[in-house]
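Asks: Now for the letters of each chain:
Number of protein chains: 2
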Amino acid sequence: VQSKNDEAILDLLNEYHHADIAEILEDLNTEQASYIIKLLDSEKTSEILMEMDEGDREKILATLSTKEIAEEIEELDTDDAADMIAELSEERQIEVIAQIEDEEHKAEIRELLTYDEDTAGGLMAKELVRVNENWTVTECVREMRAQAENVTRVHSIYVVDGNEKLIGRLSLKDLLMASPRAHISTVYIPKVDFVDVNEDAEEVARIMQKYDLEAIPVVDENKVLLGRITIDDIVDVIKEEAEKDYQMAAGITQDVEADDSILQLTRARLPWLFLGLVGGIGAFLIMEGFKGTFEKYAVLFFFTPLIAAMAGNVGVQSSAIIVQGLANDDVKGSINKRLIKEMFLAALNGFILALFLFAFVWITKGSFLTALAISVSLVAVIIIAGLIGTFVPLFLDKKGIDPAIATGPFITTSNDIFGILIYFWIAKLILGI
Amino acid sequence: VQSKNDEAILDLLNEYHHADIAEILEDLNTEQASYIIKLLDSEKTSEILMEMDEGDREKILATLSTKEIAEEIEELDTDDAADMIAELSEERQIEVIAQIEDEEHKAEIRELLTYDEDTAGGLMAKELVRVNENWTVTECVREMRAQAENVTRVHSIYVVDGNEKLIGRLSLKDLLMASPRAHISTVYIPKVDFVDVNEDAEEVARIMQKYDLEAIPVVDENKVLLGRITIDDIVDVIKEEAEKDYQMAAGITQDVEADDSILQLTRARLPWLFLGLVGGIGAFLIMEGFKGTFEKYAVLFFFTPLIAAMAGNVGVQSSAIIVQGLANDDVKGSINKRLIKEMFLAALNGFILALFLFAFVWITKGSFLTALAISVSLVAVIIIAGLIGTFVPLFLDKKGIDPAIATGPFITTSNDIFGILIYFWIAKLILGI
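Chains A and B, in that order, give the protein sequences. Under my numbering, the letters of the first sequence match residues 1 to 433, in that order. Under my numbering, the letters of the second sequence match residues 434 to 866, in that order.
The reader is advised that the hints may include incorrect statements.
[Claimed, not checked] Below 27 Å or equal to it, Euclidean Cα-Cα: the simulated BS3-like pairs (lysine-lysine) are:
hint, chain 1, residue 1, chain 2, residue 2
1, A, K291, B, K724
2, A, K210, B, K724
3, B, K770, A, K210
4, A, K59, B, K770
5, A, K365, B, K861
6, B, K492, A, K59
7, A, K244, B, K471
8, A, K365, A, K291
9, B, K798, A, K428
10, B, K724, A, K365
11, B, K624, A, K210
12, B, K798, A, K244
13, B, K729, A, K365
14, A, K239, B, K672
15, B, K724, A, K428
16, B, K861, A, K210
17, A, K291, B, K861
18, B, K471, A, K44
19, A, K399, A, K239
20, B, K656, A, K398
21, A, K296, B, K729
22, B, K471, A, K59
23, B, K643, A, K244
24, A, K337, B, K492
25, B, K672, A, K296
26, A, K398, B, K677
27, B, K729, A, K44
28, A, K296, B, K724
29, B, K677, A, K341
30, B, K729, A, K210
31, B, K677, A, K428
32, A, K337, B, K677
33, B, K624, A, K244
34, B, K729, A, K291
35, A, K210, B, K477
36, B, K677, B, K492
37, A, K239, B, K724
38, B, K831, A, K239
Please keep in mind that the hints were generated in silico from the structure rather than gathered at the bench. Every value quoted in this text rests on a predicted model; they were computed, and no experiment measured them.
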C-alpha cells in the first residue's frame, strides 16, 4: 500500500470512519503514518489524530511543522485543540498558537490552556449555543443556526442575561413547540445545573452521572457562562479513574501502558517492588528473632509463605471493597461498625480455612498441638489482616488522602510483616516454647 | 422528620432532585423510606427508585403491593421499567405486568424482558423518535411532537422505510434547516451506525466510545428498528466492567459491595482464599523437601517470605498491565516479542533489587556465597514471575477466556510456588549442597 500510490490510498481511506483510520495508522510506523496524515485533508486528519493514542499522536506531531499542526488545530473543537497543543513542548506551543488564523479560536484556546487539566476548565469546550433572554424565539432560531455550525452536537441551549450570566436553559424540543414571537425570557427553564470552572474533574463526573446529564455548563465565580462539558469527556474521566485505581492496586505508579518503553515501565514498577523488598527484609528479621524455635519446630517455618499469602490476600480483598465503596460513595456508617463487620467476616473465613489446615497438619505431622498452634494463628492473622485492610483506606479517606494507595503492595507488605509476627508469637504461646 | 408531618415532608422533598432524594432515602430504614415513597407522587418516586442502589430498591419494592409497583412502572421508560421488573420474583413479575394499564407499554416491557441483560437488547429502550422516509418535513415535525412526549431526550431521529427497516438518521439541526415541504427521503443521512439486538453489551460500549456516539439504534437480523441505547446506559456498562476487573484483581468473585451481608461477602471471598491456602500448602511441601539440605543454611528459610512476596508482586504488575492493555485493545505484536520485553524489564528490576539484597545479606551475615545465592535466585525468580504474569493472560485471551481472572490471587499463588521452588533450587546449586 505504501508504494506511493496516493490516489488508491485516498480512495481506500475515504471509505473509513476517522476512528478506524486512527487504528490503522497506529499499526504503521511513524514515517508511514505521517505520510498518510500529510496526504489527507486536515478536516479529516485532525479527527484521526484526536482518536489516536497519546504516544502515537506525539510521534506524528513531531514530524509535522508548526504550520501543519496549526492547520489541524483550526479544524478541532476548542477542548480537543487545547489538549493537542498541551502535548507539545512549550516552545512549539507558542509557535503553533501564533500560526492559528482564526482570532476567536486562538483566544479561546489560549484561555483553555490556562486551566488545570483535572478541573472543569480543563475538560470544557467553548463551543456551545447561547441565547439572550431578551431575544424572541425567531431571533433565537436565527442566531442558533449560525452558532450551531460550530457546534457538533446541540445538547442544551443556555440562556444568559445581559451580563453573560447563566440564568437557565432551553431544550430544542421546547423551542420547536414555542410560539415564534414569544420572548425567550418567558419560555426558558430557570433550573439549570452548572459547575464552577475550578471544580475537580472527578466531581464533575460524579455530578453528571448522578443527575444523568449529557452536558453541563461551566461558569466562573460570577456565574458568567464560560463553556460546557459533554458526557463523552466524562466517559474518559471515568475510564482513567478506574484504570488509575486498578494500576494502584496492582502496584504500578503513574499511568503506563503495555507499549511504553522498558525504562518508563521500570520507573512505574520499581518503587512498589522496593517496598516489597523492605517488607521481605522485615520478615527476615522477625524470623531470625524466632530462630531459637527453629531447632525444635522447623515445621513452623515451612508455613510462613502460607501465612504471609493469606494475610496479603485477605488484606487486599477487604481494602479493595472499601476503596471501591468509597469511590462509589456508598460506604455509610461509622468506622467502628465497619471494623466489627469485617472482624466477623474474617473470623468466619479464617475459621473455615483453619479447619482444613488443621486437618492437613494433624494428619501429615501427627502432632495435635502443632496443628492447633498453626490453625489458631491463621485465624488471628486473617482477622488482623482484614482489620488492617479495612481500617487503612477508611483512615486515609478521613485524612483526605486517596484511599486507593492503600491497596496492592502497600497492604500486602504490611500484612506480610504483621502476619508473620503474630503467627510466631501465637504459635510460641500455644506450644509453650 | 418522621413524626407523620406529611405536608412538611412533601414541601421539603419537592425542592430536591430525585437523585438527591434517593440518597436521603438510602440513609433511612426501609420502613421510613417506604413511607415516604408512598407519600410522594409516582411520577417522582419511579425516578427516585431507579436512582437507588439495587439492594435498597429491592427492600422498598418488597413493601409495596404489585398494584403500587405497576404504577411506578407506568411512569418509567421501557428500559428502566424492564430492569426494575427483572429484579422481582417471577411470580410478582407476572402480577405486576398484568396490572400495567398502558397496553403498548406492557407489550414493550414484555419484549425487553426476553433479552439477556448483557446484550444490546437488555440495554435498549423502546422510546425513540422514528420517521418514515415518505413523510414531508412538516408531517415529520408534527409526528415528532407527538412521539417526543414519550422520549426524554431526542438524540437522533431514525428514518425507516415502509417495512420498518432502519435506513438512516436525521438530526434535529438538519430538520430545523430543511424546507418544510421537502420529503424526508431527500434530506436524511443514509449513513447510520447500528448494533444487532444480540450484540454483547461490552462490544456496544466499545463501538459507542470509539465513534463518540451518544445514542445508537438497535436492529434485528432483518434490520428492523427495535430500540435505541443511550450513552448514560453505556457509562454504567463501563463502570461495571471496570469494577469487575478490579474485584477480580483483588480476589473477589461476583459483584459484591461493602454493604452486602457477611454471608454474601464470604461467598465472594472464600474461594480465592482457599486457592491461597492450597498454594501455601504447596509451598510448605517444597520447603519440607529441601529440609535436609538446609540444616546448615537456616538463613535461607528466613528469606522465603521475601522471595514469595517479590514473585507475587512482579506477577501481579505484569499481568495487570497486560489485562488492562487487552481491555483497551492496545496490545499489539506477538506473544514472543512481549515476553522478551518483559524479560528485559524484569531482569532490570530484579538486578537493581538484588544489588540491595546482596549488600544487606553480605553485611549482616558476612557470607559472600550465601549473599550471592540469595541475590541470584531473586533475579531468576523475578524474571520467571514476570514471564508467567505476561504469558498467562495473553494465553487465556487467545483461548477466548477473560484474562482478568489471571490477575490477583491466581497469579500470586502460582508465582509463590514457582518462586520458592526456583529459589531453593538455585541456592542449592550455588552453595553446592
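Asks: For the pair supplied as a hint, K677(B) and K492(B), confirm whether the alpha-carbon distance does not exceed 27 Å.
Replies: 24 Å, holds
Asks: Going straight from one Cα to the other, do K296(A) and K729(B) come out at no more than 27 Å?
Replies: Holds, at about 15 Å.
Asks: Could you grab the alpha-carbon distance between K210(A) and K724(B) and see if it respects the 27 Å cut-off?
Replies: Violated. K210(A) to K724(B) sits at ~60 Å, over the 27 Å cutoff.
Asks: For the pair supplied as a hint, K729(B) and K210(A), confirm whether the alpha-carbon distance does not exceed 27 Å.
Replies: Given that 27 Å is the threshold and the Cα spacing comes to 64 Å, the pair is violated.
Asks: Starting from K492(B), check that the Cα of K59(A) is at most 27 Å away, please.
Replies: 55 Å, violated
Asks: Is the Cα-Cα distance between K337(A) and K677(B) 27 Å or less?
Replies: 26 Å, holds
Asks: Are K398(A) and K677(B) close enough, with their CA atoms no more than 27 Å apart?
Replies: 26 Å, holds
Asks: Is it true that the CA of K244(A) sits at most 27 Å from the CA of K471(B)?
Replies: Not satisfied, since the Cα-Cα distance of roughly 42 Å exceeds 27 Å.
Asks: Take a quick look at whether K296(A) and K724(B) sit within 27 Å of each other, Cα to Cα.
Replies: Measuring from Cα to Cα gives roughly 13 Å; hence the hint holds.
Asks: Does K724(B) pair with K428(A) here, judged by a C-alpha cut-off of 27 Å?
Replies: OK: K724(B) and K428(A) at ~21 Å, within 27 Å.
Asks: Quick one, are K677(B) and K341(A) close enough, alpha carbons at most 27 Å?
Replies: 23 Å, holds
Asks: Sort out whether K239(A) lies within 27 Å of K831(B), counting only the CA atoms.
Replies: At roughly 24 Å apart (the allowed maximum being 27 Å), K239(A) and K831(B) satisfy the hint.
Hint compliance for this structure: hints 2, 3, 6, 7, 11, 12, 16, 18, 20, 22, 25, 27, 30, 31, 33 and 37 are broken, all remaining hints hold.
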